[in-house]
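Enquirer: These are the residues of each chain, in order.
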Amino acid sequence: MKESNYIKLEFPSRSSNEAFARTAAAAFAAQLDPTLEELGDIKTAVSEAVTNAIVHAYPDSIGRIAMRLRIIKGSTLEISVRDWGKGIADVEQAMTPLFSTGGEERSGMGFTIMGSFMDKLRVRSSPGRGTTVVMQRFISPRQGLR
Amino acid sequence: MTINTAFNSGRLTLYLAGELDHHEARNTIRRIEELLDEYMPRDCVLDLAGLNFMDSSGIAVIIRVSRRMKTLGGRAWIENPAKQPQRVIDASGIDRLVPVAVGK
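Chains A and B supply the protein sequences, listed in that same order. Numbering of the first sequence is given in numbering that gives the first Met the number 0, commencing with residue 0 and proceeding in unit increments. Numbering of the second sequence is given in numbering that gives the first Met the number 0, commencing with residue 0 and proceeding in unit increments.
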């Protein structure tokens, strides 16, 4: 089996890194030849996951966020966003549409959007230790010339 | 993120351009509220044709503008969303609260 490609990035939880993280994810995803729509979906899901870590994991401090992207089974992009922050006591509640403990600039739709733009979404969290969000998106191979 | 405005017979159109994420949202909300206070419009149109990227923070901005216009006794709606914002609007179901008008 062909060895799959991956990248790992780590950055501080500053909101200016939201744009960097989604742009880096899009640049990595480009090797799967995604459509503009697929690329937009990936950028959006990454933006939501990273923003959640910035807003909720480290509400009063700057902490570490690690993003890992890899290609599995030749044409699926797996994205994981990990933090070592506050954690989520009730993951199910956090994933309920419109539920939010964020400020005026959050809508409570982050997990809903990750879930609808990705094929798989898994959230593991333990209070006081951090959260890992793992998402997968299948990129359909395109035939012939564009 | 830039906001250009047009005001015509009670209707304030806000042309949002660039990328609207959590990093940009707080300033965007503040800026729009200043504009609403300044113009006191009857209708507020959010024109998203120039918005290259928006995540759920954009939904929060739209909800806020809509609520604000309701308290002012007016209306708010979205016009001409580019493709990526349109997908976020669809996924969020916000079009049940704020009308979306396409093509003009």
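In case anyone wonders, no lab produced these hints; they're calculated from the structure. C-beta: ideal position from N, C-alpha, C; glycine also. Treat each hint with caution, since some may be false.
[Unchecked claim] For each label pair, taking beta carbons as the anchor points, the in silico distance ranges come out as:
1) Ile-71(A) / Ser-8(B): 42 to 52 Å
2) Thr-12(B) / Pro-140(A): 36 to 46 Å
3) Arg-13(A) / Glu-33(B): 22 to 32 Å
4) Ala-25(A) / Gly-92(B): 41 to 51 Å
5) Ser-8(B) / Pro-126(A): 24 to 34 Å
6) Gln-30(A) / Arg-30(B): 47 to 57 Å
7) Asp-118(A) / Val-101(B): 38 to 48 Å
Enquirer: Each hint should be assessed against the structure and marked as holding or not.
Expert: Going down the list of hints, with the structure as the test:
| no. | hint | in the structure |
| --- | --- | --- |
| 1 | Ile-71(A) / Ser-8(B): 42 to 52 Å | 56 Å, violated |
| 2 | Thr-12(B) / Pro-140(A): 36 to 46 Å | 42 Å, holds |
| 3 | Arg-13(A) / Glu-33(B): 22 to 32 Å | 26 Å, holds |
| 4 | Ala-25(A) / Gly-92(B): 41 to 51 Å | 25 Å, violated |
| 5 | Ser-8(B) / Pro-126(A): 24 to 34 Å | 55 Å, violated |
| 6 | Gln-30(A) / Arg-30(B): 47 to 57 Å | 38 Å, violated |
| 7 | Asp-118(A) / Val-101(B): 38 to 48 Å | 28 Å, violated |
Checked against the numbered hints above, the structure violates hints 1, 4, 5, 6 and 7; every other hint is satisfied.
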